[in-house]
Amino acid sequence: MLASRRLTSVPFASLIRRNSTAGSPPPPEGHLPGVANSQLLRLTKEKALRTPGIVWNDDESNAIVNIGRECRKMNVYQAVRDALSIELTKNDNAVVFGEDIAFGGVFRCTMGLSEEFGRERVFNTPLTEQGIAGFAIGMATMGHTAIAEIQFADYIFPAFDQLVNEAAKIRYRSGGQFNVGGLTIRTPTMSVGHGGLYHSQSPEGFFMGAAGLKVCPYYICSTLPTRRLGLIFMEPKILYRSAIEQVPIDDFTLPLGRAETLVAGADLTLLTWGTPIYHCETALHLLADPPPELAPHVPEGVRKAKVELIDLRSILPWDAEAVAESVARTGRLVIVHEAGMTAGVGAEIAAEVQKRCFFAPRGASEAGNGLGHTERIAICLFPLHPAAFNHLLAAHFVSTVGWVLGG
Amino acid sequence: MLRKFPTPRLHCLGPQRRAVHLGHLPNSRSPLVPTLSFFNSVTGSDEKIPTFRVLDGVGKPVEGAQVPEIDEAFARKLYENMQLLPTLDTVLYNVQRQGKISFHMTSHGEEATIIGAAAALEMDDEVLGQYREMGVLLWRGFGIDSVMAQCFGNQDDTSGKGRQMPVHFGSPKHHFHTISSPLATQIPQAAGVGYALRRSPDRRSRSIAACFFGEGAASEGDFHAGLLLASTIPSPTLFIARNNGFAISTPSTEQYYGDGIASRGPGYGIDTVRVDGNDILAVLAAVREARRRTLEQGRAVLIEAMSYRVGHHSTSDDSFAYRQRSEVEDRKRVDNPIVRFRLYMESRGWWDAAAEEELKARLKADVMKAFKRAESLPRCELGELFTDVYAGEEPWNITEQRKELTQLLKKYGQVWEPWRTELGKFKNGGEGSDAVGCLNR
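Keeping their order, the protein sequence lines are chains A and Z.
Reminder that position 374 of the first sequence reads as 374 in full-length UniProt numbering, one-by-one numbering, no gaps.
Reminder that position 257 of the second sequence reads as 257 in full-length UniProt numbering, one-by-one numbering, no gaps.
Derived from the structure by calculation, the hints contain no laboratory data.
Check each hint, because a few of them may be wrong.
With a Cα cut of at most 25 Å, we get these calculated DSS-like pairs of lysine-lysine [what the hints assert, rightly or not]:
#, chain 1, residue 1, chain 2, residue 2
1, Z, K410, A, K355
2, Z, K403, A, K355
3, Z, K411, Z, K427
4, Z, K403, Z, K100
5, Z, K332, Z, K403
6, Z, K100, Z, K360
7, A, K355, Z, K411
8, Z, K369, Z, K332
9, Z, K427, Z, K100
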């Protein structure tokens, strides 16, 4: 089970007008302009407590009761810190470690934890990602809860062997005698303001084939999925400060492997995860109401399209059932992700959806005329650099969506 | 005294270094000196790191050596376990040659290192091996039947349900973490295991993690990561390098340029010793003392046990392609770890030809009995192919693959002879599990 909180989005018009005109410099990791205006944020206590799939961990008989629960306004790094604090408080076997963890972490996710829980439980490691992963695996095989941070997802590759050959396979190779259910790897991922080549990557696709791992590519968690999993938890770093929501203060989890429909629609399924959720929201505004420069490229019919926006929420396992159900209705799918397209997560999803939906009956919305199939699938690559989310790239999105819609 | 040489420390670099002292830099305790002087030794001299030995080649205590205290019963147990290794190895090697198992790795030449180390550890010290440490499990009572079951991958294979190659043993009951083929991955894991022990109230100050690896594996990044973490964080982890001279075909002279693996210990600031790995009493004494230090300091300790891999790397290897048969024969004759200890036992009056004959006959009979039993048992249920990937609810992609195999077997399983034969090797003829239980429906 995973606990989480979704992040943000951007009305595009406000983005272009407000972009980079603020008086104060952005935080070191950058921020996503206009994220605060997203309609997808859960800004009220009621919305936060109604997050689909939420389960409270405090009392089983009370697991789905929301009455009397409180929320607090948090950004992503505060929510991560809150989740770590809950786990450290409830579980004496839990430890949190990684590079620069003790002083609070370079993204502030562990701020104050070493003072609160002591350096034996919250500690720095030397600079060795393969070592951090191996150390965490060793602790987890002993039944301990090891929550390790890899400082940037770009630097997770030295740990690839430990994660793919060891963590993923320990339960299987030992006939179930050993496991690393208590292992969680947290790592900041995706694009960032000034991240350039090696602080912007989205490596979730490399782990998608590692049966035995669970890969969750984003979300704020208010409690970490530390029980009986071997999890890689990827946190979109640009949202650490940008995204501010109401987060329940109680210990809760959200289901892994379940997608969430953010906007219902009937004409096209738009599937994404992580930071691009908010790019997609922006792009949908743009599609419906294009600025003059783009208007000639956006046919009237396309502007009226009802697009279903789905947040995949989990890469491995991923919610094929929900995605296929949507595509069977809309007949069209656009997948948006930041990582490279070749042999990426989008390619895998496209193949599976094609398999499941090739002969699927077309939904009623599109004339409801019986047999149909997935007409078009496209994977749309969003820019690594959010500041480059300009007219050109928006146009790319619009033209992709337009093509899939047949416009 | 177990160690006849000073602890190698970088500050023991010669008198000239200490002659002029200009204080220290703010972030270092290194003395500032006006002399430009390079160093390339951890012993403070041109001498190589020495090797600790108790018994000479014919089993006599060397002058000045303190023989570790053992009684006759303990000595017999050491010897029996040493002898069990080649007995098992010979049978398993031949069984592989007959095509009955897929693979084997012998311990020939390293019996003293493995059994000596196993005997010096507590039974519940957590052991993370590389792959040539079957002797540790034998010492702990894993049993010949369990060894055979794993090597045959039959339904009694508790190590891994037939999923791994032979010799990939594992047993939580015997505190032996399941072997994995990738080299050196166990080394940083051992640091984490040690830390977990330190954090467990019932095992703190009582148990250590002991990690075995070869001198070839010590070239992997994971070696450096593991020793770095276990020394810095720190964690009570004992690292035992088995330097047997070869990594498959590559001799240790082409594996590293420095003074073996032991020279690296002081680089991590940890107590280190090199020991004659063919001398079981030296190994016993060194590992006992190393274990004591590991617990006392709560920090990594490194042992380098020097031996010679008499056997081929594995059954997939023919070592006479890269070393002379005569070299191996010479080494076996001149320095056989089993013979060396037998001579010592005889000198104590604890062993004789009759005991030797009885032991060999008994071990061989036990091994053959276990072999015949293992050979007759079927494999695990075929459905186990898909279990233990995740705990809890099975994800849809695995469920789909189970169903697909079930459909394939339903269609072809009984009509296509090669499949029919193969299915017959599984428990319940390939049926009886959720995965393929609908074969004949």
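### Message
Checking each numbered hint in turn, tell me which of them this model violates, lowest number first.
### Response
Of the numbered hints given earlier, those the structure breaks are 4, 5, 8, listed in rising order.
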